[in-house]
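Student: Sequence:
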Amino acid sequence: MDYKKIAEEVLEGVGGKENIANAAHCVTRLRLVLNDSNNYNKETLENIEGVKGVFFNSGQLQIIFGTGTVEKVFAAFQEVSGIKEASLQDVKASGTKQQNKLQQAFKVFSDIFIPIIPAFVGAAMILGLKSLLTTQFGFLGGSMAEEWLWAQDLASFLGVIATTFAYLPVLVMYSATKRFGGNPILGLVLGFVMITPDLMNRNDFVLGNYDTLSSWHVFGLSIPQVGFQGGVFPAILTAWFLSKTEAFAKKKTPQALSFILVPTVTILFSALALFLVFGPIGNAIGTGLGWIIDILYNKTGFVGAFVFAALLQPLVVTGTQHAIQAIEAQLVVATGFNYIQPLWSVSIIAQGGAALGMFFLAKKNSKRRETAMSSFVPTLFGISEPAIFAVNLRDSIIPFLAASFSAGIGGAFMKIFDVKATSFALTGLPGLTIVYPPRLIFYIIGNLMAFILPIIILIVWNRVKGVKGAEIGKGSTL
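Residue 47 in the UniProt record's numbering sits at position 47 of the sequence shown, with consecutive numbering throughout.
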């Protein structure tokens, strides 16, 4: 494979180096941010040797080469173009600027939660181990914790160290303040204010589990002394205000007094804003979204779960899916479980199934077959964009709709068998590690259903009506 020739053809296909604002690569894809996002030839790029798919998403032109190949192509691309490598974060940031305002707003949630996800995954794994120790096993006549003292003590220890979810507002405040350009340490301070034991626990307040409610009386206002446990949206809104307040204070404060006055003013006014404005507004947003999710998933049963799961990947297409992570985090804190994660998983694996369906409808050793397979693999690990944009929406909407319908079926199955997770952000094969252990077998079955069904739908549909983009014609057999 002539990597220099490939790089030259890619450069020509994207309008030359003057059209490239940023360039980087991930494990499988060359990622380019273009000055003119309309000035590239998709067909030319798709016909370059080694290219397994081309799609535009999140403000980036993404060219799929596959693991191992993309690094060599990128090295040659740098050589022929003279463009220095940017970090993947820089490319994503540049791409975000090319998104519309709504997409940029929702992208904020992803920027906030991605850095803190490892803490939740680690805690979920630990809680999963604890769950294994406390789950009833028929052959034992009870749980391991009930049978053996060591298991009881270990379960207690694991419960103590897996405290990530109790500190959710603290982590969100830290990450959000950093995202908005403020001092994340000041964000930590406000985060601890939100969950201080000196305030009534918000869960007790909401449930009415109290005799008297103390309030502060400031400037003629009555402020209930209630914390914000699990308050994702109050934390994000307050972090934004904190960052703006800190920047304003730095600008207006004399340099000699800045070290003392800036943090003092920032913490004081941000705390007031938390209790008076952003706390109530954030709680209202969280309650409203929770109500919608509750109606869609709990009140309408498996029908609502069908609709919910079927709509998740259309949200990915529009770039507005990121806010759901905030809801998932609140669910875990409030209930200990996340019933959205299984729906995410079936929605993603269904897109992989559709991509594999198009693989079976492509000729052997063809470019389309290669693209379909390389786009299917990432769905096993929770990444659906290559399958969606490089295969399922490439020639017609039929593969995408087949996957969305299959996701709905898988979602309904997950609801019927009460499948849930103990954390968020992991789906597919990695998601196995955070699924509530007693429901694990149903998680596997539900994902297999969502994966196999679109393959069957596409093969049958192609035989009856034909699927645009299929290289095996209407009425043909495999």
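Warning: the hint list may mix true and false statements.
When the alpha-carbon atoms are kept at most 25 angstroms apart in a straight line, the in silico BS3-like pairs for lysine-lysine are as follows [to be verified]:
hint, residue 1, residue 2
1, 42, 84
2, 299, 4
3, 363, 468
4, 251, 42
5, 363, 244
6, 299, 244
If you anchor each label on the Cβ, the simulated ranges turn out as follows [as the list claims (entries may be wrong)]:
hint, residue 1, residue 2, range
7, 295, 208, 19 to 25 angstroms
8, 154, 287, 33 to 39 angstroms
9, 396, 150, 33 to 39 angstroms
10, 84, 295, 28 to 34 angstroms
For the record, the hints were derived by calculation from the structure and aren't laboratory data.
What you are looking at is a predicted structure, and each value in this text was computed from that prediction instead of being measured.
The C-beta atom is built at its ideal place from N, Cα and C for all residues, glycine as well.
Student: With reference to the structure, classify each hint as holding or not holding.
Tutor: Right, here's what the structure says about each hint:
Distance hint between residue 42 and residue 84 is fulfilled; the C-alpha atoms sit about 24 angstroms from each other, no more than 25 angstroms. Taking the CA atoms of residue 299 and residue 4, the gap is about 58 angstroms. The hint is violated against a cut of 25 angstroms. Of the supplied pair hints, the one linking residue 363 and residue 468 holds, its CA atoms being roughly 14 angstroms apart against a limit of 25 angstroms. Pair hint residue 251 plus residue 42 does not hold up; C-alpha atoms about 47 angstroms apart against a cutoff of 25 angstroms.
Taken as a hint, the residue 363 and residue 244 pair is broken in the structure, with Cα atoms around 57 angstroms apart against an allowance of 25 angstroms. Of the pairs offered as hints, the one joining residue 299 and residue 244 is violated, with about 40 angstroms between alpha carbons and a cut-off of 25 angstroms exceeded. In this structure, residue 295 and residue 208 meet the distance hint of 19 to 25 angstroms, their C-beta atoms being roughly 23 angstroms apart. In this structure the hint that residue 154 and residue 287 lie 33 to 39 angstroms apart at CB holds, the actual value being about 37 angstroms.
A hinted range of 33 to 39 angstroms for the beta carbons of residue 396 and residue 150 is inconsistent with their spacing of about 59 angstroms. For residue 84 paired with residue 295, a C-beta distance near 51 angstroms fails the hint of 28 to 34 angstroms.
The structure shown violates the earlier hints numbered 2, 4, 5, 6, 9, 10.
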